[in-house]
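Colleague: Full structure from sequences and hints, please.
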Amino acid sequence: MATASTQTVEAPTQPGPRRRGILSRINFRQFGILAALVIIIVLFQVLTGGRLLMPGNVNNLIQQNAYVLILAIGMVMVIIAGHIDLSVGSVVAMVGAIAAIAMNQWGLPWFVAVLLSLVVGAVVGAWQGFWVAFVGIPAFIVTLAGMLLFRGLTLVLLTGGTISGLPDGFTAIGAGWLPPFLGYLGNWDSLTLVLGMIACVLLIVQQLRTRATLRRLELPREVAWSFWLKNVIAVVAIMAVAFTIAAYNGTPDRAHHPGRARAAYTFVLNRTTFGRHIYAMGGNLFAAVMSGVKTKWVNFFIFVNMGVLAGLAAVVSTARAGGAVASAGQNYELDAIAAVFIGGAAVQGGIGTVVGAVVGGLVMGVLNMGLSILSVDAAWQMAIKGIVLLLAVAFDIFNKRRNGGV
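Heads up: the sequence shown begins at 8 in our numbering, then just goes up one per residue.
These aren't lab readings, by the way, just hints derived from the structure by calculation. Note that beta-carbon positions come from the ideal geometry of N, C-alpha and C, so glycine has one too. Take these hints with a grain of salt, some might be off.
Using C-beta positions, here's what the derived DEER-type ranges look like [what the hints assert, rightly or not]: (1) Asn-256 - Leu-54: 31 to 37 Å; (2) Trp-232 - Phe-141: 44 to 50 Å; (3) Ser-379 - Asn-256: 16 to 22 Å; (4) Phe-293 - Val-45: 24 to 30 Å.
Modeller: Rendered as structure tokens:
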């Protein structure tokens, strides 16, 4: 009897954990981002009767959203570290005003004005970084104050008006195209196609190096089919965009600024001590301090970097507008923050990628362009973008719970 009773309590096998283990090795964050981008593009391509992906509209998509991509690249570092920056739109407006004044009233050459814009952005970032890092005021409060301060200074500098008539060399930054150095392949600009292929190669190399690092450190890796499917989708998308704009006027000058920034900051976050310290602080601040990370200086330079990128975004947006406007930069901070969260960054910090932020920026850009082509009222456009942001954060929370997070 005893033997029989012990046999009846034998636990049944449970295949659930194995399936959970396989699913946990699939990068649902990045698949979700890419799937959302593809679905939105297909949806608006159908709703607009094929107008969304016309070469002229794709070109405009790149030019109109360069500032969002630049700001999102800086903002993802801020958010990974567990902070937020609400001031970048006002900084863009103020720096743009200073650049216009430097050229029109002080007589500085346009390239000196560009350098001055980056320096002013760095000074603004240092100002805010000081209060956050060394005084200990939360970034939300510091940058909220900065949003008001720098918007007010913009109105003072421009006296509520505009400054136009900027030099051609400066405005070409926002409205020009790279010359066709390599000629044409049929109806396509060869240089644009070559740049697209280089971007694909760099993407694959970076992804393979990251995967090799995870293997060497014996850390969990994405399953192979998931890894390659994600990269094939990315390569197809890059080359589709390259062929589309190659059939128009070639590569816009503005496409290079976020492109170079993406490559540089992907390297910084993944391959430098500074980048590893940012992830460490966002993941567990106490552990980072105990490990010897100089958290105050890391926080300080995070905001200096954000200021420099805001200065670059100011140059790009002012050049495209052809002048400095007091209302410039409105809601830029919201677009950048939304792009980062849509791109898979965690609300609590410690998680996020530059590539994800760029894809999130493209999602926002496609939404803006598709809704504009459909002549949707601006108020409804803001409402729809708010819903998309909410769903992105909800997906992040679902993803954490699925992986056993709290």
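Colleague: Each of the hints needs a verdict: does it hold here or not?
Modeller: Checked hints:
Roughly 26 Å separates the CB atoms of Asn-256 and Leu-54, a value that falls outside the hinted 31 to 37 Å. A beta carbon spacing of about 48 Å between Trp-232 and Phe-141 agrees with the range 44 to 50 Å that was offered as a hint. The supplied range of 16 to 22 Å is met by Ser-379 and Asn-256, whose beta-carbon atoms lie about 21 Å from each other. Between Phe-293 and Val-45 the Cβ separation comes to about 40 Å, which falls outside the hinted range of 24 to 30 Å.
The structure shown violates the earlier hints numbered 1, 4.
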